[in-house]
Amino acid sequence: MSSRSPDFFDEMRASDGSIRPAYRQLAHWLDTVPKDVLDYRRKEAEFIFRRIGITFAVYGDAASTERLIPFDIIPRILNRGEWQKLSRGLEQRVKALNMYLSDAYHKREILRAGIVPEELIYGNPVFRPEMNGQAVPHDIYVMIAGIDVVRVDPDNFYVLEDNARVPSGVSYMLENREIMLRLFPELFIDHPVAPVDNYADELLATLKSVAPNNSSGDPTVVLMTPGIYNSAYYEHSFLADKLGCELVEGRDMFVKGDMLYMRTTEGPKRVDVIYRRVDDDFIDPLSFRPDSMLGVPGLMSVYQAGNVTLANAVGTGIADDKAVYSYMPDIIKFYLGEEPILKNVDTWRCREPDHLKYVLDNIEKLVVKEVHGSGGYGMLIGPAADKKTIENFAAKVKAAPEGFIAQPTLALSTCPTFVEEGIAPRHVDLRPFVLTGRDRTRIVPGGLTRVALSKGSLVVNSSQGGGTKDTWVLDR
Amino acid sequence: MLSRTASNLYWLSRYVERAECLARILDATYRLSALPQGYGSTTNEWDSAIATAGCVISFKEKYEEANERTVTEYLAFSTDNPSSIRNCLEIARTNARSVRTALTTEMWDAINSAWHELHHYDPKRITREEFTRFLNFVTETSVRFDGTSFRTMLRNDAYWFSRLGFLVERADATARILDVKYHVLLPREAQVGGPLDYFQWASILRSVSARTSYHWVYRDSVKPWLVADLLILNRQMPRSLASCYENINRYLDDLAQFYGRQGQAQRLARSITNKLENGKMEDIFQSGLHEFITQFLIDNNRVGNAIGDQYLI
Numbered sequence: 046m047s048s049r050s051p052d053f054f055d056e057m058r059a060s061d062g063s064i065r066p067a068y069r070q071l072a073h074w075l076d077t078v079p080k081d082v083l084d085y086r087r088k089e090a091e092f093i094f095r096r097i098g099i100t101f102a103v104y105g106d107a108a109s110t111e112r113l114i115p116f117d118i119i120p121r122i123l124n125r126g127e128w129q130k131l132s133r134g135l136e137q138r139v140k141a142l143n144m145y146l147s148d149a150y151h152k153r154e155i156l157r158a159g160i161v162p163e164e165l166i167y168g169n170p171v172f173r174p175e176m177n178g179q180a181v182p183h184d185i186y187v188m189i190a191g192i193d194v195v196r197v198d199p200d201n202f203y204v205l206e207d208n209a210r211v212p213s214g215v216s217y218m219l220e221n222r223e224i225m226l227r228l229f230p231e232l233f234i235d236h237p238v239a240p241v242d243n244y245a246d247e248l249l250a251t252l253k254s255v256a257p258n259n260s261s262g263d264p265t266v267v268l269m270t271p272g273i274y275n276s277a278y279y280e281h282s283f284l285a286d287k288l289g290c291e292l293v294e295g296r297d298m299f300v301k302g303d304m305l306y307m308r309t310t311e312g313p314k315r316v317d318v319i320y321r322r323v324d325d326d327f328i329d330p331l332s333f334r335p336d337s338m339l340g341v342p343g344l345m346s347v348y349q350a351g352n353v354t355l356a357n358a359v360g361t362g363i364a365d366d367k368a369v370y371s372y373m374p375d376i377i378k379f380y381l382g383e384e385p386i387l388k389n390v391d392t393w394r395c396r397e398p399d400h401l402k403y404v405l406d407n408i409e410k411l412v413v414k415e416v417h418g419s420g421g422y423g424m425l426i427g428p429a430a431d432k433k434t435i436e437n438f439a440a441k442v443k444a445a446p447e448g449f450i451a452q453p454t455l456a457l458s459t460c461p462t463f464v465e466e467g468i469a470p471r472h473v474d475l476r477p478f479v480l481t482g483r484d485r486t487r488i489v490p491g492g493l494t495r496v497a498l499s500k501g502s503l504v505v506n507s508s509q510g511g512g513t514k515d516t517w518v519l520d521r
Numbered sequence: 044m045l046s047r048t049a050s051n052l053y054w055l056s057r058y059v060e061r062a063e064c065l066a067r068i069l070d071a072t073y074r075l076s077a078l079p080q081g082y083g084s085t086t087n088e089w090d091s092a093i094a095t096a097g098c099v100i101s102f103k104e105k106y107e108e109a110n111e112r113t114v115t116e117y118l119a120f121s122t123d124n125p126s127s128i129r130n131c132l133e134i135a136r137t138n139a140r141s142v143r144t145a146l147t148t149e150m151w152d153a154i155n156s157a158w159h160e161l162h163h164y165d166p167k168r169i170t171r172e173e174f175t176r177f178l179n180f181v182t183e184t185s186v187r188f189d190g191t192s193f194r195t196m197l198r199n200d201a202y203w204f205s206r207l208g209f210l211v212e213r214a215d216a217t218a219r220i221l222d223v224k225y226h227v228l229l230p231r232e233a234q235v236g237g238p239l240d241y242f243q244w245a246s247i248l249r250s251v252s253a254r255t256s257y258h259w260v261y262r263d264s265v266k267p268w269l270v271a272d273l274l275i276l277n278r279q280m281p282r283s284l285a286s287c288y289e290n291i292n293r294y295l296d297d298l299a300q301f302y303g304r305q306g307q308a309q310r311l312a313r314s315i316t317n318k319l320e321n322g323k324m325e326d327i328f329q330s331g332l333h334e335f336i337t338q339f340l341i342d343n344n345r346v347g348n349a350i351g352d353q354y355l356i
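Protein chains in written order, with our numbering: chain A, 46 to 521; chain B, 44 to 356.
Please keep in mind that the hints were generated in silico from the structure rather than gathered at the bench. Bear in mind the structure is a predicted one, so any value in this text is a computation, not a measurement. Note that CB positions come from ideal geometry on N, CA and C, so glycine has one too. A hint or two may mislead.
To be verified - Which stretches of chain B does chain A cover? Using the computed rule of at least three CB atoms under 8 Å from a CB of chain A, they are:
1. 46-56
2. 128-141
3. 149-161
Construct the entire structure; sequences and hints are all you get.
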């Protein structure tokens, strides 16, 4: 087995070469299992994934519209203590996100207190004036959040990014576990792995709990997808199946008398809750982009009349972009009066002149990101870029500094990963999913671990060649 | 269920069945065209194939002449032909992807693996031998899809819509074959073509994979009026118009009962079923086989539209 790199925190092997307790059995197993068995199982996993059609689309890649995300068969393990701390931190953070959104669209006490600048809300292109003073059912904005966290040492989790709009990836969390149970049943005998397969039930309970007050006793929940050409379509159909709800497109629904209906073989049926996987811009051509064919004309008026719940709410983008991110520790303190449990990565906001100067002076050491970018696009990793790329990027930053933030290059933790050269450490992150209902918050133990498969790479995004791993939370 | 889901299930089955029908037509045409000069009829078999597939006009826009190369290309692989086998399977998979939640894993697997395999055939380099394999692959795909639906689907509206699509398409395909070839099946015209028409009759049976069935049912040599009887009125024969309608009627009744109301689709289907159940071949020949078939194609189309209006939009 290759040795760990001394510069990074490896989750299996401590710096003195000893194996951390949570990984003890797995390390032993990795030492004894023949490599051709691993290789064979990996191929089997790939075959199964392709058969069941777990694919994603890469935009702008016409040649292969459907690709498989590489799956690494070595699980990533967290012990119970680590998970408990993480999940407390997640709950705290999402609670604050919801309070911030409610405040931002109503009283704006946080502006009066001078915690965040006004333009962070009003000047944000994803601020939705339609939501100004608009009540949302049960005052919950973000029912489904995906919080990207990384580790750099044994004690701390850092939040890299909040996803409060339409976070995806949960199907991989569920399918990866299914595959592992199928390929390596023996490992589950030695490891008390907390189950994740109740996620769909938790999600359904969450969605039903936020139905409008005037809906029937058993609210009708649907999952709204942009359609089969969306990169996450597989996940949409997978979740609808697990939820036992209809997978609808905009054209399946219509508005009549301030109510929302779907067209069924038995005639119109009222819809109470939409788990929508369609961005704000596309949900209603009458309110947002008029050229969108994906939405339902008039949906916003039903929403504004309080007759349908959208999960997540419209306008949550102002809580998860990379500019507001840097204020999150203050936002948590302001609303909850608590110290943040999860750390924030130091962030320079290029909108502020002294920060901009620092960023331009140190750009070759920093990761510079677009405030509204996602999926690993539109970012510069200073230490990995050549001079020309850095110069071009610096010019872009100078031209529109408010569109960028910068962070130090984080030494993401590594986990043992089965790659060409054998078992080697690769950098990982983690996206746990946080469900917020009227009754309570639900977090299934685990999440989606993404792994950068190329040696030394820090980019884990699937669109950039990253893979995934099953994530185990040990119940001991 | 969602109307779009019902619609996708219905069309998914239609397209899979259409792909198979095209494969069978191509197979029968190959056989017939491979006979020495003089055994077939005077007509160009490749023209008949295009006529049976119902795409004479669009074909003529693209090609000068119907021959093995052009017809194979157009019916099997062309992306310009919306109903080529390739497009049928592409559309079937697109439909299947949009209704993943309404399909069983086995059905999805049948369609998805077929779609992956489809891309292994290179239309530009395909040999005759490979083409035969391709046709087999298409038939097997349809059989597998059909078998998995039968074995794994819940017996509810999703199943009934899927069956209806399959049956309406099948009835249409059988009627089209009859529409193009009716002239060789007329009892009196049998002498005109002479015994050489035998290969035409055999070819019709082959295009609906009924050569063996014919002998089991009639225990007689191939006679044109019996071929017509088998394909139109014989309820033992799963591709006959009568059998298709017996089942269309049944599934529409299931739907009506399930939803607690019936409509135009049920009424139309019932009247066609009655006509076929009480029909006699002599009467059909008497009043004109061609007219009968033409009317059937119109009626069948109407049933399809009625199902669409009633449930799918």
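For each hint, the structure was consulted:
1. 46-56: holds (count 4)
2. 128-141: holds (count 3)
3. 149-161: holds (count 5)
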